[in-house]
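So the sequence lines, in the order shown, correspond to chains A and B. Just so you know, we're using the UniProt record's numbering here: the first sequence kicks off at 1 and counts up by one. Just so you know, we're using the UniProt record's numbering here: the second sequence kicks off at 1 and counts up by one.
Honestly, the hints are just simulated from the structure, not real lab data. Being a predicted model, the structure only gives us computed values, none of them experimental. Here a beta-carbon is modelled for each residue, glycine too, at the ideal position from N, C-alpha and C. Errors might be hidden in some of the hints.
If we take Cβ atoms under 8 Å as the criterion, some of the chain B residues that face chain A in the derived model are [unchecked claim]:
| id | residue |
| --- | --- |
| 1 | 194 |
| 2 | 220 |
| 3 | 224 |
| 4 | 227 |
For each label pair, taking beta carbons as the anchor points, the in silico distance ranges come out as [what the hints assert, rightly or not]:
| id | chain 1 | residue 1 | chain 2 | residue 2 | range |
| --- | --- | --- | --- | --- | --- |
| 5 | A | 36 | B | 82 | 43 to 53 Å |
| 6 | A | 86 | B | 82 | 33 to 43 Å |
| 7 | B | 137 | A | 36 | 57 to 67 Å |
| 8 | A | 85 | B | 65 | 18 to 28 Å |
| 9 | B | 129 | A | 27 | 33 to 43 Å |
| 10 | B | 199 | A | 95 | 17 to 27 Å |
| 11 | A | 89 | B | 73 | 35 to 45 Å |
| 12 | A | 109 | B | 129 | 44 to 54 Å |
| 13 | B | 133 | A | 39 | 45 to 55 Å |
| 14 | A | 31 | B | 134 | 34 to 44 Å |
| 15 | B | 209 | A | 86 | 44 to 54 Å |
| 16 | B | 9 | A | 86 | 29 to 39 Å |
| 17 | A | 39 | B | 128 | 50 to 60 Å |
| 18 | A | 55 | B | 109 | 47 to 57 Å |
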Amino acid sequence: MSPLRRRAEPYLWLLFGGGGVVSAMTLPALVLILGVLVPLGVLAEPDLTALLSNVLVRLALVALVLLALFHAAHRIRFTTEELLGLARWDRLIALTCYGLALAGTAVTVWILF
Amino acid sequence: MILRVSRYRPGVDAEPVFQEYEVPDRADWAILDALNHVKDAVDGTLSFRWSCRMGICGSCGMNVNGEPKLTCGTFLTDYTGPVTVEPLRGFPVIRDLVVDIDPFLANLSKVSPWLIREGEEPDSEYAQTPEQLEAYKQYSMCINCMLCYSACPVYVLDPDFLGPAAIALAQRYNLDSRDMGDRFDVLSAEEGVWGCTFVGECTSACPKHVDPAEAIQRYKLTAALRSVLPFTRRRP
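Just chain A, same shape as in the assembly (with noise of 0.2 Å):
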């Protein structure tokens, strides 16, 4: 396999470890919290706005979309390559993936600031 892939590889699979932990940890909590406890009227509803306006909140929800989204990517493109036996196509399935999640990272960016 090239080089290039060995060099990116820990990179990448760092990104993919971490968005898999981030997600464990915090995606639960959040559908939790907005998606049921809110809805519910367990919980009060909100001010996203007011919460949205602190940057430290902002910057916390592009780390996660962006980690998420390459854990996402990263296990999508070997699901795609073993199963559909895709491998020689390594490149171009890799790039389509983290693009996607690149681009994912950067339209959250583009709503959130």
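Guided by the hints, dock chain B onto chain A, whose structure is given.
For chain B alone, coordinates are given in the frame of chain A:
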């Protein structure tokens, strides 16, 4: 009970073919007992590896109904209907159920699976605390049965992959307080830990409850940090 056994006789069969044998459906028989019954009483030409019949030697691994199993620990009562027995997937077949284990042995030796020491020879044993033993003990339970290789889709697709048991064995020494070696160059290669895409089947297949998938992911973290942070590249 019907055993559907994969046969391959070099010079006779162009490719593996199935042969069916009727065996007594005995509750206390493992698949290996049924194979030995065939070998002793029905067809002496059937070839397969076995030795201890108690899950220690790691010789009798085969594909049973599509899953890698130790045939001495898999019982006829676990199955209804015909049982299909094939050689372990991912290895060249030598004859019938016997596979070529040389690629596997070569991978094991690549990771320097012994205690590497520097400096003077000790006067006595290297003492360890129970915690230091616990750090690597799980990985030392491997019996080299190759079920994890057969279960690993990455290895079956790419035989250059170092593979689960060899990486777990490397971690068995990396995590040993007595070891002073550095296996970074072998493990952090493309065919090393980065070949693994964390399917996790190796851990499911392991009959000795070693967790090769965990060993690999743990070393990925080590390798990633050492690749990304240059000052950690060489361990003292």
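Taking the hints in turn, this is what the structure says about them:
no. : hint                      : verdict
1   : 194                       : holds, 5 Å
2   : 220                       : holds, 6 Å
3   : 224                       : holds, 4 Å
4   : 227                       : holds, 4 Å
5   : A:36 / B:82: 43 to 53 Å   : holds, 49 Å
6   : A:86 / B:82: 33 to 43 Å   : holds, 35 Å
7   : B:137 / A:36: 57 to 67 Å  : violated, 43 Å
8   : A:85 / B:65: 18 to 28 Å   : holds, 24 Å
9   : B:129 / A:27: 33 to 43 Å  : holds, 39 Å
10  : B:199 / A:95: 17 to 27 Å  : holds, 23 Å
11  : A:89 / B:73: 35 to 45 Å   : holds, 40 Å
12  : A:109 / B:129: 44 to 54 Å : holds, 50 Å
13  : B:133 / A:39: 45 to 55 Å  : holds, 52 Å
14  : A:31 / B:134: 34 to 44 Å  : holds, 37 Å
15  : B:209 / A:86: 44 to 54 Å  : violated, 34 Å
16  : B:9 / A:86: 29 to 39 Å    : holds, 36 Å
17  : A:39 / B:128: 50 to 60 Å  : holds, 56 Å
18  : A:55 / B:109: 47 to 57 Å  : holds, 55 Å
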